[in-house]
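Position chain S against the provided structure of chain A, taking the given hints into account.
Keeping their order, the protein sequence lines are chains A and S.
Here the first sequence is numbered in my numbering, starting from 1 and rising by one per residue.
Here the second sequence is numbered in my numbering, starting from 1 and rising by one per residue.
Some clues are possibly wrong.
[As the list claims (entries may be wrong)] Partial chain S-side listing against chain A, Cβ under 7 Å, derived:
(1) 282
(2) 285
(3) 286
(4) 292
(5) 293
(6) 358
(7) 362
[Claimed, not checked] Residues from chain A that keep clear of chain S, each with C-beta distances beyond 10 Å, as calculated:
(8) 17
(9) 31
(10) 34
(11) 43
(12) 72
(13) 148
(14) 164
(15) 222
[Unchecked claim] Computed far set for chain S versus chain A, every beta-carbon distance over 12 Å:
(16) 11
(17) 27
(18) 88
(19) 102
(20) 145
Rather than coming from a laboratory, the hints here were simulated on the basis of the structure.
Ideal placement from N, C-alpha and C gives every residue a C-beta, glycine not left out.
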Amino acid sequence: MNLLVVEDDPVLGKALQRGLNEAGHSCEWVRNGRHGLEEARSQRFDAVVLDLMLPDLDGFEIVKSLRAEGQRTPVLMLTALGSVDDRVKGLKAGADDYLVKPFAFAELTARLEAIGRRIVDRPSSTMSAGPVTLDLTNRRVTRAGTEITLTPTEFSLLEYLIRFQGQVVTRKMLCEHLWESDWEGVTNVVEVHINRLRGKIDRGFEEPLIQTVRGRGYVLRAS
Amino acid sequence: MYFERLKGTFRTLRFRLMIWNALAVIVTGLAILVTVRQGIEYRLQYDLDRVLSEDLDEIALNLQEERGLDFARLQRELDRKARGHAYHQWFVLFLDRAGKPVWTSTGAPPLPPISGRDSQQTHLLTTGDFRLAYRELAGTRERAPIVCVGSSIKFIQRDMATIDRMVILVGMVLLIASPLCGYILAGRATRPLASMMATTARLRPAEMHERLKVRGTGDELDQLAMTVNSLLDRLADYLKQKHDFLANAAHELRTPLSAIRSSVEVALNGDRTVAEYNELLAEVIDECGSLETLVNQLLLLAETDADRQEVSADPIPLHVVVSRAAEMFQGVAEFSGIRLRVDELPEVTVPGNRHYLRQVLSNLLDNAIKFTASRYIHHAGPGSHHGNGARGEIRLSMDFDKGANRVRLLIEDNGPGIPKEDLPHIFDRFYRVDRARVRGTATGGTGLGLSICQAIIHAHRGTIEVTSEVDHGTTFVITLPAVTADVPAAMV
Numbered sequence: 001m002n003l004l005v006v007e008d009d010p011v012l013g014k015a016l017q018r019g020l021n022e023a024g025h026s027c028e029w030v031r032n033g034r035h036g037l038e039e040a041r042s043q044r045f046d047a048v049v050l051d052l053m054l055p056d057l058d059g060f061e062i063v064k065s066l067r068a069e070g071q072r073t074p075v076l077m078l079t080a081l082g083s084v085d086d087r088v089k090g091l092k093a094g095a096d097d098y099l100v101k102p103f104a105f106a107e108l109t110a111r112l113e114a115i116g117r118r119i120v121d122r123p124s125s126t127m128s129a130g131p132v133t134l135d136l137t138n139r140r141v142t143r144a145g146t147e148i149t150l151t152p153t154e155f156s157l158l159e160y161l162i163r164f165q166g167q168v169v170t171r172k173m174l175c176e177h178l179w180e181s182d183w184e185g186v187t188n189v190v191e192v193h194i195n196r197l198r199g200k201i202d203r204g205f206e207e208p209l210i211q212t213v214r215g216r217g218y219v220l221r222a223s
Numbered sequence: 001m002y003f004e005r006l007k008g009t010f011r012t013l014r015f016r017l018m019i020w021n022a023l024a025v026i027v028t029g030l031a032i033l034v035t036v037r038q039g040i041e042y043r044l045q046y047d048l049d050r051v052l053s054e055d056l057d058e059i060a061l062n063l064q065e066e067r068g069l070d071f072a073r074l075q076r077e078l079d080r081k082a083r084g085h086a087y088h089q090w091f092v093l094f095l096d097r098a099g100k101p102v103w104t105s106t107g108a109p110p111l112p113p114i115s116g117r118d119s120q121q122t123h124l125l126t127t128g129d130f131r132l133a134y135r136e137l138a139g140t141r142e143r144a145p146i147v148c149v150g151s152s153i154k155f156i157q158r159d160m161a162t163i164d165r166m167v168i169l170v171g172m173v174l175l176i177a178s179p180l181c182g183y184i185l186a187g188r189a190t191r192p193l194a195s196m197m198a199t200t201a202r203l204r205p206a207e208m209h210e211r212l213k214v215r216g217t218g219d220e221l222d223q224l225a226m227t228v229n230s231l232l233d234r235l236a237d238y239l240k241q242k243h244d245f246l247a248n249a250a251h252e253l254r255t256p257l258s259a260i261r262s263s264v265e266v267a268l269n270g271d272r273t274v275a276e277y278n279e280l281l282a283e284v285i286d287e288c289g290s291l292e293t294l295v296n297q298l299l300l301l302a303e304t305d306a307d308r309q310e311v312s313a314d315p316i317p318l319h320v321v322v323s324r325a326a327e328m329f330q331g332v333a334e335f336s337g338i339r340l341r342v343d344e345l346p347e348v349t350v351p352g353n354r355h356y357l358r359q360v361l362s363n364l365l366d367n368a369i370k371f372t373a374s375r376y377i378h379h380a381g382p383g384s385h386h387g388n389g390a391r392g393e394i395r396l397s398m399d400f401d402k403g404a405n406r407v408r409l410l411i412e413d414n415g416p417g418i419p420k421e422d423l424p425h426i427f428d429r430f431y432r433v434d435r436a437r438v439r440g441t442a443t444g445g446t447g448l449g450l451s452i453c454q455a456i457i458h459a460h461r462g463t464i465e466v467t468s469e470v471d472h473g474t475t476f477v478i479t480l481p482a483v484t485a486d487v488p489a490a491m492v
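Bound-form chain A, shown alone:
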């Protein structure tokens, strides 16, 4: 994807640019609001990552101007303000998604792809990752032709991992996906389900599909 990052913090901006480039996106980084608005108007970008608090023109203003001009470029807002009211305000201003700092980089890329896809995505009835195939209509799973029985939670988990295959998915993202809860506690409620899913889809096969990335989350890799 061709991305524009508007972020005034030099360390975060640099990290975003490098990270997004390494994730295979082309990325332009500007450090102030006015410049950001001009760049966004050029319509060269597939999505904009927009910091809310900028020195000259804040994120709300930029989104409002863009939307007022009829621009539909997807916008993902980044902010340190995390209350429900702030989220509502951001989405009302015309942002497509809202990410609270600090965030996991994996979540940023996942969300960017989601909002980029939102426009062109067409619903499909099957998904696959390497040898694993998911039939979404009948909720059936096969690996290399062998049918595997999964609980609804496990199915939902696998569907999410396949949707973001090759990318790290954080526990928080999984928790939100499975139970609409961003709870972060000591007991790892996700890990248990991941382990069971592993037991079902990786047992007896040479190559494990689901890998743990320490401190970040899980990734499903199909060679």
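Below, chain S without anything else, positioned relative to chain A:
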């Protein structure tokens, strides 16, 4: 400037008390003086009238009873009496029917004719400076049938003038003395106020130890001082809490921060292999996770602080929230060898915030699972004193009291329980039952989970209580008001 100060004085309580007091004293004093003066005047007049009437009666008796009376002798006697009462200017007149004097005693003043009346009643009359009592005496001397006894009223007027002078004197003393005394007394009464103001003015948020003086009289000012003192106590507590909270929060943030710093510094001290870098960076990410959790919990606590009561109220089906939470933790409970049982839940809607309520259940279930698991894992195995089949169990149940319109949610476990000395503190911020359990281990948390639960439940106008017995288990009981037909969620 001077005028401003004067205006300030007029507005003081002392000045107003003085004015009210002076007005009250002066009005009452003057009313009493005037009443007494009028009473004396009336009494003197009345006494004079009685004396004159009696004298008249005496003359009438003399005339009626002694037929053969020597009239000239009577006249001499009357004349002598008149001379004896010269001070009061007492006199007697005998008048004809036209009111003209026929005989007058010594000292009788010239009077205008007194019209006679055809009655034997005593008449009283004031002419000029004289008071007269007269009466027609039937059957006596035809030429002068009317007898009139009179006296000067000048002595009454003299007495009244003396009394009036005294009244004016006392009135003037009142006029001057009552505001003066009022001012002094009001000053005495309001003096404690001045000391209260001085003490209050000295108070600073950082120096809240001083209190207003209670004089022990039990009057309103003492009550005021006690009320203000209790307010100060509460404020001081609140400030101390906030201060401790801030200090604790900073300390807690320091720990992961210093871990990050050390990891990075060590990494930068020399050349490392890629594997070592990976290991170090993974540790840094772990510590960032701790920081993130702590910051998020601090923010959550700030958002739900019970003092602010800002929870938005939507109708939330509590039974759904509870069963979803149970579902979320079912896997991890099973994995830890704990049976998580959910009783049949009544359908109850409560006004509140779904996100926050879910947070409460997650925190409580998380606690229940980690502590219960720690008891059974450590003691499991052959020779366990729990006997065969001893197993961790968590039970979730809910009952709805329709009458009180409150729902009660119970989270019971048979974990290790909470020691008695810790029980009163478990909702305190940053309080951990087992301080030895450090961050990042199985049971280590931020020490904020339960205070968040309490803040959220209080913001929902509910209560959260705990009962616990060591080696038997812990029960958390939450009560929340439910939505009713007449109290829609948005109103609560």
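The hints, checked one at a time:
1. 282: 4 Å, holds
2. 285: 3 Å, holds
3. 286: Since the shortest Cβ distance to chain A is 5 Å, the answer is holds.
4. 292: Holds - the Cβ of residue 292 of chain S comes within 7 Å of chain A, reaching about 5 Å at its closest.
5. 293: Cβ of residue 293 of chain S sits 5 Å from chain A, so the hint holds.
6. 358: 5 Å, holds
7. 362: This hint holds: residue 362 of chain S lies near chain A, its Cβ roughly 4 Å from the closest one there, short of 7 Å.
8. 17: Correct as stated: the minimum Cβ-Cβ distance to chain S is 19 Å, above 10 Å.
9. 31: 24 Å, holds
10. 34: The claim holds: residue 34 of chain A sits with its nearest Cβ about 31 Å from chain S, beyond 10 Å.
11. 43: Residue 43 of chain A clear of chain S: closest Cβ-Cβ about 36 Å, beyond 10 Å.
12. 72: 30 Å, holds
13. 148: 18 Å, holds
14. 164: Non-interface label stands for residue 164 of chain A: nearest chain S Cβ at 19 Å, farther than 10 Å.
15. 222: 23 Å, holds
16. 11: Per Cβ check, residue 11 of chain S is outside 12 Å of chain A; nearest 45 Å; holds.
17. 27: Consistent with the label, residue 27 of chain S stays out of reach of chain A, its closest Cβ about 63 Å off (over 12 Å).
18. 88: 101 Å, holds
19. 102: Holds, since 116 Å exceeds 12 Å.
20. 145: Check passes; 113 Å lies beyond 12 Å.
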